[in-house]
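J.: Okay, so the sequence shown: first residue is 104 according to this note's numbering, each after it adds one.
Hints should not be assumed to be uniformly reliable.
What the hints assert, rightly or not - In silico DSBU-like cross-links for lysine-lysine, where the CA-CA straight-line distance does not exceed 30 angstroms: (1) 216 to 169; (2) 169 to 117; (3) 169 to 105; (4) 117 to 197; (5) 194 to 216; (6) 169 to 223; (7) 117 to 139; (8) 161 to 149; (9) 223 to 194; (10) 197 to 223; (11) 189 to 223; (12) 117 to 189; (13) 169 to 197; (14) 206 to 161; (15) 140 to 189; (16) 176 to 194; (17) 194 to 140.
For the record, the hints were derived by calculation from the structure and aren't laboratory data.
Given the structure is predicted, the values throughout are model-derived calculations rather than measurements.
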Amino acid sequence: MKVLVVDDSGSMRKIIASILFTHAGISHCDEASDGKKAITAICRNKYDLILMDWNMPKMTGLEAVKIIRNLGKTMPIIMVTTNAEKGQLVKALKAGVNNYIVKPFTPEILMAKFRETMSKAQQTNEPKTEMEMAIC
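Put together the whole structure using the sequences plus the hints.
T.: As structure tokens, then:
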């Protein structure tokens with residue numbers, strides 16, 4: 104499984120990758136420090152999962168998610184953010200995010216969201232319909 108971890112904090116990227124290596128058996132995580140670098144990586148590589156920070160310089164996670172979905176990419180995306188406001192969650196889901204983690208988080212929370220997201224992705228590879236996005 105190939106994962107892309109996108110966060111402007113190098114230490115946060117390392118923490119997320121370490122949790123995935125230790126608890127999910129992931130053997131390889133690519134990293135990007137902003138949304139623009141994430142888009143470049145996604146255009147060059149095939150990823151099975153993206154963990155995307157919301158607040159980053161150059162391009163926010165939300166802007167990057169919209170571009171990723173407009174490119175027709177359907178891999179699951181977990182948004183990682185400090186903002187727990189419901190309105191922000193709705194924006195992220197409508198943009199095409201599959202799941203959401205609020206910082207700070209524990210390894211157990213990250214792994215629960217990882218398992219939930221990957222389980223749903225295995226059940227269906229179909230992108231959300233407009234109706235599903237409206238309901239969220």
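J.: For each hint, tell me whether it holds in the structure or not.
T.: Consistency of the hints with the structure:
no. : hint       : in the structure
1   : 216 to 169 : holds (21 angstroms)
2   : 169 to 117 : holds (25 angstroms)
3   : 169 to 105 : holds (21 angstroms)
4   : 117 to 197 : holds (28 angstroms)
5   : 194 to 216 : holds (19 angstroms)
6   : 169 to 223 : holds (20 angstroms)
7   : 117 to 139 : holds (19 angstroms)
8   : 161 to 149 : holds (23 angstroms)
9   : 223 to 194 : holds (20 angstroms)
10  : 197 to 223 : holds (17 angstroms)
11  : 189 to 223 : holds (22 angstroms)
12  : 117 to 189 : holds (28 angstroms)
13  : 169 to 197 : holds (9 angstroms)
14  : 206 to 161 : holds (21 angstroms)
15  : 140 to 189 : holds (28 angstroms)
16  : 176 to 194 : holds (18 angstroms)
17  : 194 to 140 : holds (22 angstroms)
Figure legend: structure checked against the earlier numbered hints; every hint is met.
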